[in-house]
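Participant: Could you put the whole structure together from the sequences, leaning on the hints where they help?
Now for the letters of each chain:
There are 2 protein chains.
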Amino acid sequence: MKIALAQLDYHIGNFDGNLQKMLAAVEEARAQGADLICFGELAVCGYPPRDFLDFDDFIRRSQDSVQALKAASKGIGILVGAPTPNPRIEGKDLFNSAYFLYDDKILGIQHKTLLPTYDIFDEYRYFEPATEYQVVEFKGHKIALTVCEDIWNVGNENPLYTVCPLDEMRKLNPDFVLNISASPFSTSQAKERLHVVRANVERYGVPLFYCNHVGAQTDIIFDGGSVVMSPDGRVFDELPYFEEALRVYDLEAVKQGGVDQEQIKDKTALMHRALLVGIGDYFRKLGFKKAILGLSGGIDSAVVAALAAEALGADNVRVLFMPSQFSSDHSINDARRLAENLGMQYDIVPIQPMYAVFETALKNQFAGRDFDVTEENIQARVRGTLLMAMSNKFGNILLNTTNKSEMAVGYGTLYGDMCGGISVLGDVYKTEVYELARYINRNEEIIPLSSIEKPPSAELRPGQKDSDSLPPYDILDQVLFQYIEKVQGPKELVAMGFEEALVKRILRMVNINEFKREQAAPVLRVSTKAFGMGRRMPIVGKYLS
Amino acid sequence: MKIALAQLDYHIGNFDGNLQKMLAAVEEARAQGADLICFGELAVCGYPPRDFLDFDDFIRRSQDSVQALKAASKGIGILVGAPTPNPRIEGKDLFNSAYFLYDDKILGIQHKTLLPTYDIFDEYRYFEPATEYQVVEFKGHKIALTVCEDIWNVGNENPLYTVCPLDEMRKLNPDFVLNISASPFSTSQAKERLHVVRANVERYGVPLFYCNHVGAQTDIIFDGGSVVMSPDGRVFDELPYFEEALRVYDLEAVKQGGVDQEQIKDKTALMHRALLVGIGDYFRKLGFKKAILGLSGGIDSAVVAALAAEALGADNVRVLFMPSQFSSDHSINDARRLAENLGMQYDIVPIQPMYAVFETALKNQFAGRDFDVTEENIQARVRGTLLMAMSNKFGNILLNTTNKSEMAVGYGTLYGDMCGGISVLGDVYKTEVYELARYINRNEEIIPLSSIEKPPSAELRPGQKDSDSLPPYDILDQVLFQYIEKVQGPKELVAMGFEEALVKRILRMVNINEFKREQAAPVLRVSTKAFGMGRRMPIVGKYLS
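Chains A and B supply the protein sequences, listed in that same order.
Note that this note's numbering gives residue 969 to position 530 of the first sequence, counting from 1, and the numbers run on in steps of one.
Note that this note's numbering gives residue 568 to position 129 of the second sequence, counting from 1, and the numbers run on in steps of one.
If you are wondering where the hints come from, they were derived from the structure by calculation, not from laboratory data.
Computed from a predicted model, the values in this text were never measured in an experiment.
A virtual CB, placed ideally from N, CA and C, is assigned to each residue, including glycine.
Do not take every clue at face value.
[What the hints assert, rightly or not] Label pairs and their calculated CB-CB ranges:
1) 752(A) with 769(B): 46 to 56 Å
2) 543(A) with 938(B): 35 to 45 Å
3) 703(B) with 809(A): 47 to 57 Å
4) 808(B) with 543(A): 33 to 43 Å
[Said to hold, decoys possible] Here chain B is said to cover these stretches of chain A; the calculated rule only asks that three of the stretch's residues, wherever they fall, bring their Cβ under 8 Å from a Cβ of chain B:
5) 460 to 474
6) 485 to 498
7) 721 to 731
8) 816 to 826
9) 854 to 863
10) 951 to 959
[Said to hold, decoys possible] Quick partial rundown of chain A residues pointing at chain B, CB under 7 Å, derived from the structure:
11) 452
12) 804
13) 813
14) 831
15) 928
Facilitator: Pasting the structure below:
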């Protein structure tokens, strides 16, 4: 028995595109002698389809794709994910299903039992959990079908569900397990995924074939890394990270034992690849080619420019340097040098004339009042307006350059430097931005060293430094990580040794700036807890604020 | 047996504030001879607490409030909602519970069974459903405790759940049902609520006391309207809409039969009250007093200004009129007249100087290119920058004036007229804005009639009218309503008689503008489907687009 895993980049709602891609993979698998090919969870419509699932038309078109794949299944089994209408009036209207198609027939449909409803996931919003279990009999084998989360209650110290579908299916003595997933990337995900797959293989004693999505859907990035694990709990093969792939495995060989073939899991290297995929797919799937961003001479915009050049090609990235009277010479030089290193088209548009005319226009209203954050924000908003004008005139999408530390504490101007179609670094702490910069420079100096080495500054008033109003980033980022990713409260943070007043100040900054994040660009998710759909906070709350 | 319903406005995470308010209500109920007082769902922490629920500290503080209420329950029963840690390792970590407290003891805890996970609700994200049922015995009565959604599977043509908690509890022969709710407003909610309460009373044959929240939590508005229904299915009493209230009922009198006491449910009047509460609570709960907005002379900003004056006091609302070379004389006059009618401080800041200097700054880059949407957007963004500068300098929150029709089709400038802390009309279609305007003028001409009667125009280019680029609003709004609120797809819309090309064009406009709505201000929710948390759509999808 030869089993193909097809790890593909789907496009949400693009039924024709997804179907054509899958049909091509079926032909390739057939050519390689596969008996069976596996695609991903909800592959016909892409993941996450969100509230498109509420439309009957969307479900009909999903079912049309299942029919088309069924018609293509002559002589080859196809395992594919699709939403299924729930025939029962009670309960949610849909199931999240795995379809096993063969010889123009449906050999089996297994609905998903464990419906992730946490972080970025909302599956119980749409789907009724399965309560019936089966194995599919195919060419003399009994196969247990599972969908993504169905295997994640095993090997989990805090299991989220009170049932475990494979505990039910094992009663039917399956020979192996297939899992079709849409399991998103974070820098710790590849390791966690292998842990969970191994825990299942150890519990059930049979091989497991796990087939994931790859590619980005706005904020959510899929890293692939589909895995085949032998019954001895060793990795037989792991598909590449961040690339489409199709490989065929011989079941008998898999049963013989794994080889611990695993890829490198360096955090910064993975994050770098993920961000490239995130940028690239955002443009490609929206049908755009060209990006624009503002260069400040600082490290954040330098890293975004370098990533954009790699993801889109330097020819497709235009940068604007918009100095003010507060911009330092080294910023101007660093920005120019970066653009030249990357070979990008750059424009210099000083903002003093706009800034001056805003000050004049509001002279009467502002009479007798001091320079304050208002004037800093006007500068940032003038820059935002210039960038958006370039975006509108030339059809370039604006890349946002705010990092996660700034986004967390509200150190940024709404409608100013927070503008952009997609936030590239919004899930990357400032200390990690430095790691990315050094990684980007691993072979040559692309980002000027002075951008990396100088103290960070927004340059919105004379001599300003981030450290004037923020704690040092190495401390700040630790507290933020514990609060955001690890969900530790004030008591726990103090118990870890952080100073109480500092903890209180940082948590308050995070909480009172929810209104800014609410209007931020979608953030490429690379951690286990990114701002956006995965972290839902009240705005008018009064808690730790 | 005397039962008090306390319909209160809670504040998310403000444990001390919520507790003090409830303790005062306990004393008032006690003074009125009540045996029992009911508060709302998750009243100790406010609703919806969202991911604050993930913090142990938040749960500890919720439990501290339960303990404080327990200590205050000497001689009076208290029914209150709070999150409860789930002692079992499997499943979600919390329950959403109703606590029955009396004489410093917990007489009973009933967890919620039906966890709404649709629209704005995410309860299965946090809570494990109940599987055990009880009745509380109190002063010779058996009482069934339910939490909000627990009664909503009855009287529902498409029930979302496969279980029905009162079907279980009826086996224990309860004398009456208490329901603590946090059930948000929409213009059809008061009617729907009575329908559901009645369906339960008819099914179980006992009185039902339903106690709701009141007040707004950012986007979500609670209208109160708590209801007491007699076993004959008639309303015994309905608490006021949009106001805190505490009333005491004699159980024996309730059993005798209802009186059909119901309040008026005029859609526009309800919407008007809801928006006032939404504006007022947003400011009060954030600790702000003063608003600012831009007046264009058009109807949307006129309606927002009138609502803000009523919600916050005209003294607390400042308006900016920012004419351009494209502004008509009637706009200038209408804006001034409105500000004078309302008695508001207004400033006139022409935008030509800023617009001109942006054009000059980008002269080289834009050489040889025509006036297009870029220049329209620069005007809108100059206005946004001016308004935000006023907001920053004076601590006034900017009110957004975009209506639902514009927001739906993307007829608005991101970082321009889409700026603001809260969107007042983002859930009000243009045709409904006219209804609101006429309602506001019901006693006198507050909004100049010419603002109501003239053809809508953004005035961003010479002679521009909305109808140049959009279908007529009466058609557009019907298609939008069917697509957004009624979730009807293209086939269904054409079957209703809308022209196919028009349907395709409108649906495409809605879908390709998701990226704008993603960065929009939170929208005061008044319909059954508002933009924001209740409508979750992919951005890079390719569906009907």
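Participant: Against each hint, give a clear statement of whether it holds in the structure.
Facilitator: Outcome of the hint check:
1. At about 51 Å, the CB distance of residue 752(A) to residue 769(B) agrees with the hint of 46 to 56 Å.
2. One distance hint, 35 to 45 Å for the beta-carbon pair residue 543(A) and residue 938(B), holds here, with the actual separation near 39 Å.
3. Checked against the given bound of 47 to 57 Å, the beta carbons of residue 703(B) and residue 809(A), roughly 52 Å apart, stay inside it.
4. The hinted range of 33 to 43 Å is not satisfied by residue 808(B) and residue 543(A), whose Cβ atoms lie roughly 56 Å apart.
5. Chain B is given as covering the stretch 460 to 474 of chain A, and this is violated because 0 residues of the stretch bring a CB closer than 8 Å to a CB of that chain, at least three being needed.
6. Coverage of the stretch 485 to 498 of chain A by chain B holds [criterion: at least 3 residues with CB-CB distance below 8 Å; count 11].
7. For the stretch 721 to 731 of chain A, the proposed coverage by chain B is satisfied: 3 residues have a C-beta within less than 8 Å of a C-beta in that chain, meeting the threshold of three.
8. Residues of the stretch 816 to 826 of chain A with a Cβ under 8 Å from some Cβ of chain B number 7, which satisfies the need for three, so the listed coverage holds.
9. Against chain B, the stretch 854 to 863 of chain A contributes 3 residues with a C-beta closer than 8 Å to a partner C-beta. That satisfies the three-residue criterion, and the hint holds.
10. With 4 residues having a beta carbon nearer than 8 Å to a beta carbon of chain B, the stretch 951 to 959 of chain A meets the requirement of three or more and the stated coverage holds.
11. Look at residue 452(A): its Cβ gets to within about 3 Å of chain B, closer than 7 Å, so that hint holds up.
12. Here the hint on residue 804(A) is kept, as its CB sits about 6 Å from the closest CB of chain B, short of 7 Å.
13. Interface hint at residue 813(A): satisfied, since its Cβ lies 4 Å from the closest Cβ of chain B, which is below the 7 Å cut-off.
14. Checking residue 831(A) against chain B: minimum C-beta separation of about 4 Å stays under 7 Å; hint holds.
15. Among the interface hints, the one on residue 928(A) holds; its C-beta lies about 3 Å from the nearest C-beta in chain B, closer than the 7 Å criterion.
Hint compliance for this structure: hints 4, 5 are broken, all remaining hints hold.
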